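Keeping the supplied structure of chain A fixed, place chain B upon it in accordance with the hints.
Each protein sequence line maps, in turn, to chains A and B. Position 255 (the first sequence) corresponds to 255 in the numbering used here; numbering is contiguous. Position 24 (the second sequence) corresponds to 24 in the numbering used here; numbering is contiguous.
Just so you know, the hints here were simulated from the structure itself, not pulled from any lab data. Among these hints, one or two may not hold up.
Said to hold, decoys possible - Cross-link-like lysine-lysine pairs, in silico, DSS-like; alpha carbons within 30 Å at most:
id : chain 1 : residue 1 : chain 2 : residue 2
1  : A       : Lys170    : B       : Lys162
2  : A       : Lys17     : B       : Lys157
3  : B       : Lys157    : A       : Lys59
4  : A       : Lys17     : A       : Lys170
What the hints assert, rightly or not - Anything over 12 Å on all C-beta distances counts as not near chain B; from chain A, calculated:
id : residue
5  : Phe25
6  : Pro55
7  : Glu96
8  : His151
9  : Asp221
10 : Ser236
What the hints assert, rightly or not - If you want the footprint, here are the derived chain A segments under chain B, 3+ residues with CB under 8 Å:
id : region
11 : 111-125
12 : 162-170
Just so it is clear, the structure is predicted and the values come from calculations on it, not from any experiment. Virtual Cβ for every residue (Gly too), placed ideally from N, Cα, C.
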Amino acid sequence: MNILEIANLDIYSSEGKGLVSDLSFSIAPGARLGLIGESGSGKSLTALAAIGLLPSQLKATGSVLLGGESAQQMLGSSERALNRVRGRVASIVFQEPLTALDPLMKIGKQLSEPLKRHQKLEGQSLQHAIIDALNEVRINDPARIASSFPHQISGGERQRAAIAMALACKPTLLIADEPTTALDVTVQAEVLSLLDSVVSARNMALLFISHDLAVVGQITDSVVVLKDGVMVESGSLHAIMSAPKHSYTRDLVINARLLDGALDIAQGKG
Amino acid sequence: MKMKSNRSFSLIIGLVILGAITLMALVSTVWLPYSIENTDGGRLSPPSGSHWLGTDKLGRDLVSRLMVGARIALSVGFSAVVIAGVVGLTLGLAAGFAQRWLDESLSALLDILIAFPTLLLAMLIVAARGSSLTSAIFAIGFGMSAIIARLTRLLVKRVLSKDFITASRASGTSWTRIIVIHVAPNIWPTLVVSFALQFGLAGLAEASLSYLGLGAPPPNASWGSLLQEAQATVMTSPIGAIAPGVLLVALVIGVNLIADGLRDIADPTLRRTR
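If we strip away everything but chain A, and leave its shape as in the complex, we get:
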């Protein structure tokens, strides 16, 4: 039974403009899927639809089943029903860690919210769980970070804290929406390898959203390519890299190769 099963998903704006058309894909437990497309291709909307958080002025039809065995329909269900699967089954990491954390709440306090709610922890064991959660995302000096406000720590630390918050409810699916785009290149690589190892360690499924094929290639096994809300290609990463069928995918692959080639040359000379 797939943990996320999207079938014939259509999303329209309030004026009736189609934003995502007839999108279908699924993620098996423990599998990793990359969703690639340029901005405006509907990839972030797909992520929000997967967790039942589409802005209310958008209309969506089709089916989004989240949760495997006792799957919950995420389109048009009550908030109460949605809150039962959110966090427990899936949670989300955003692009910009500065806005993904409440600026007026200390990191430790923010982390304690999902821990209290989903694991019923309190007192000393809650404090330990906060430090453990920060250790798991390889933050140096977790005690200092826990007692800091978001503006007092670095961008990389913020994104690690945001990942720790997403992991706090022990979800079986992690949705990462451009999680490395707002970071420095060196921090990007660290955050990617962190995501890679926590997803493996916890045997979670991963839906990784990016505009960058090179980044997606480092972390997922299969990809779905979106263009203007339509799926133009899907399959294993290997198949798409070696034999892209659609012209848009071919461009993506060529660009990724060019970048790799340039890096190789630069390394060879340096």
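Same frame as chain A, but now just chain B:
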């Protein structure tokens, strides 16, 4: 560190000023140097040992009248802010969370209310209800509630559009919990400042209404009526106009300083200390 001590400094100065005015108002309820109906002091007598700031053109003691005026200014400010807070916060929260038609009709209503200057709205209400202190309080309170409501709506909408709300909802937090832990703390710092400023403005609005003869009726001595009465004799006896004027300015400056200080306490991103 230096910044922080400066800010606490402004809070302390503000509290001292407001405290002094409050003390005047409190003492006036149990003791006055002279009754405000006592006209034995002689017309327009200059400041002296028995009348510290002299008397007005009917021979009433100015200090006594200023003390009663402090009571009126504070009770109007406080009651008007409570009314504006209850009405404004309710409307603003409703509009902030509402979608489409409900939000649009509430916003249109607020825009209409804001298009009327508070003072004009207050004059309309006073004209309809007759001039009394309660009319003035209601008038000022309702006039200000539109401003509070629109500010609240804007602040709520801005917080709700942030990723951390989406992230919190994505982890299954209920709306009630989100309001308590995210929305309230994020809109609070700005609202505190706004309430403090509105408190000063309400005192000022009451003075304007009284100046126009639409506030508390005589012999109640609001600072606005004192100014209006002293207007005719400002050249011969300027103290009658200067004293209530200085007190009004002090009230507004005092609450502004408090507003500054409160904002810095409520908003940790402004604290640079570790």
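We went through each hint and held it up to the structure:
1. Under the criterion of a C-alpha separation no larger than 30 Å, the hint pairing Lys170(A) with Lys162(B) is consistent with the structure, at around 24 Å.
2. Between Lys17(A) and Lys157(B) the alpha-carbon distance is near 25 Å, which keeps this suggested pair within the 30 Å criterion.
3. Among the hinted pairs, Lys157(B) with Lys59(A) is consistent with the structure: their alpha-carbon atoms are about 21 Å apart, no more than 30 Å.
4. Among the hinted pairs, Lys17(A) with Lys170(A) is inconsistent with the structure: their alpha-carbon atoms are about 37 Å apart, more than 30 Å.
5. The claim that Phe25(A) lies off the interface holds: its Cβ sits roughly 20 Å from the closest Cβ of chain B, which is beyond the 12 Å cut-off.
6. For Pro55(A), the non-interface assignment is contradicted: its Cβ lies about 9 Å from the closest Cβ of chain B, within the 12 Å cut-off.
7. With a closest Cβ-Cβ approach of about 6 Å to chain B, Glu96(A) is found to fall inside the 12 Å limit, against its non-interface label.
8. Residue-level check failed: His151(A) sits 5 Å from the nearest beta carbon of chain B, not beyond 12 Å.
9. Distance check on Asp221(A): its Cβ is at least 24 Å (rounded) from any Cβ of chain B, clearing the 12 Å threshold; non-interface status holds.
10. Distance check on Ser236(A): its Cβ is at least 28 Å (rounded) from any Cβ of chain B, clearing the 12 Å threshold; non-interface status holds.
11. With a threshold of 8 Å between beta carbons, the proposed coverage of the region 111-125 of chain A by chain B holds, since 4 of its residues qualify and at least three are required.
12. By the rule of at least three residues with a Cβ nearer than 8 Å to a Cβ of chain B, the coverage given for the region 162-170 of chain A holds, with 5 such residues.
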